Amino acid sequence: MTADSTPIPARPGVVEPGPERPAPETPEAARRPRRRDDGAIPCRRDRSVPHAGWMVVAGKEFADHLWSARFVVLLIVLGLAALIPMYFAADAIRTAASQVTGQSSIFLFLFTLGPTVGDTSVQLPAAWEFIAIVGPLLGIAFAFDAVNGERANGTLPRLLSQPIYRDDVINGKFAAGLAVIGLVLTFIVCVIAAFGIIRLGIVPSAEELLRITFWLIVTYLYVALWLACGLLLSVLIRRAATSALVAFGTWLLFTFFGGLITQLIGGFLAPVTGTLDQQAANLSLQQTITRLLPDTLYREASLAILNPQVSAVSNPATLGGYQQAAQRIPSLQSFDQSILLVWPHMVTMIALAVLCFAIAYIRFMRQEVRA
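First residue of the sequence shown: 0, per numbering that gives the first Met the number 0; consecutive thereafter.
Keep in mind the hints are simulated off the structure, nothing from the lab. Since the structure is predicted, the reported quantities are computational estimates derived from the model, not experimental observations. Where is the CB? At the ideal position from N, CA and C, for every residue including glycine. Among the hints, a few may not be true.
[Said to hold, decoys possible] Pair ranges (Cβ atoms, derived): (1) L158 - D335: 38 to 48 Å; (2) E367 - I83: 40 to 50 Å; (3) S283 - P162: 48 to 58 Å; (4) C189 - F267: 44 to 54 Å; (5) F267 - L158: 26 to 36 Å; (6) R365 - V202: 49 to 59 Å; (7) M54 - V202: 35 to 45 Å; (8) C189 - E367: 37 to 47 Å; (9) G113 - V202: 17 to 27 Å; (10) E367 - T241: 26 to 36 Å; (11) I216 - Q366: 31 to 41 Å; (12) Q122 - L251: 15 to 25 Å.
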């Protein structure tokens with residue numbers, strides 16, 4: 000045996016590191032981030048689920064919504080709310096189409112014409128007005144028990160014990176509600192359009208399709224605002240029945256009595272007194288106060304989009320503005336001009352929806368969820 004191959008004797012009581020026993024780590028090495036085989040340092044928040052956690056929660060919630068009784072009931076209610084006005088207005092729309100052939104707004108009568116019932120003087124709301132009343136129920140129904148229902152059933156702690164983070168729960172539930180709302184609204188609009196094409200024989204033009212599509216987006220934002228409001232109540236209120244009562248009470252207050260409340264507030268803050276210019280400015284301020292209501296925002300935006308003859312959605316703030324509005328020649332607004340009228344309404348609805356969801360998100364992240 001040569002000198003190079005002579006083994007070195009181990010010291011007594013010392014275990015030498017071998018190929019099968021790695022050397023122990025020092026505290027500094029244990030705190031150092033480990034590298035993968037490819038050399039990349041993994042993030043501390045590596046998820047052990049196949050996809051993002053909110054996608055898993057959203058998929059499960061979306062499937063539950065589709066098979067729930069509330070989905071079927073709301074789909075039927077919205078379908079009847081959209082088809083009943085068209086059934087009574089079919090003759091009036093057909094007569095108008097035959098008299099003004101070539102006009103670019105005939106197909107929009109399916110959404111804007113409020114018919115009368117038989118020979119009576121009872122005036123039914125138009126299709127978009129029905130959706131303005133019933134649409135908030137769609138958002139509230141899919142959100143009032145999103146969180147407190149899980150807490151009442153005792154499934155929220157089990158859900159968070161899985162490799163799913165807390166923010167994934169509320170994000171996934173909100174995303175599932177948005178998906179269901181988009182599905183229902185798209186179905187209703189397609190039913191209305193199919194009724195006009197098949198039974199009445201009216202073919203929409205390209206501009207009419209753009210207006211209907213944009214109105215669908217506005218309706219989606221309007222219902223999404225109520226979805227965020229229902230989600231907020233579900234987080235703040237422990238019991239699902241109580242949150243449902245508060246949500247439906249809020250809907251009744253804002254939809255049917257909100258105009259009276261804002262009128263009283265506007266009359267107190269900006270009474271119509273003084274000179275003509277002051278009266279015009281106070282009237283404009285009162286109208287701005289009424290736009291704090293989601294129902295007012297949606298009605299003004301829908302009317303401006305579905306009716307090309309609408310050239311303004313607010314009162315002038317000065318006497319000169321009133322004189323210019325009176326001297327304006329009536330004309331049909333283009334699609335771009337109608338968008339310029341309603342984009343502030345859309346921004347306001349988006350801001351209100353984001354505010355409600357942000358409060359619900361912060362509150363849920365700070366709540367105790369243990370059983």
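The hints, checked one at a time:
1. At roughly 47 Å, the beta-carbon separation of L158 and D335 lies within the given 38 to 48 Å, and the hint holds.
2. Roughly 47 Å separates the CB atoms of E367 and I83, a value that falls within the hinted 40 to 50 Å.
3. Between S283 and P162 the beta carbon distance is about 55 Å. The supplied range of 48 to 58 Å therefore holds.
4. At roughly 46 Å, the beta carbons of C189 and F267 sit within the given window of 44 to 54 Å.
5. Our hint of 26 to 36 Å for F267 and L158 is violated, since their Cβ atoms are close to 48 Å apart.
6. At about 55 Å, the beta-carbon gap between R365 and V202 stays in the expected band of 49 to 59 Å.
7. Taking the beta carbon of each, M54 and V202 are about 40 Å apart, inside 35 to 45 Å as hinted.
8. Distance hint for C189 and E367: a CB-CB separation of about 45 Å, consistent with the stated range 37 to 47 Å.
9. Evaluation of the 17 to 27 Å hint for G113 and V202 yields a pass: the beta carbon distance comes to about 23 Å.
10. For the pair E367 and T241, the beta carbons lie near 19 Å from each other, so the given range of 26 to 36 Å is not met.
11. Separation of I216 from Q366 is about 33 Å and conforms to the stated range, judged on CB atoms against 31 to 41 Å.
12. Between Q122 and L251 the beta carbons are some 22 Å apart, a value that agrees with the proposed interval 15 to 25 Å.
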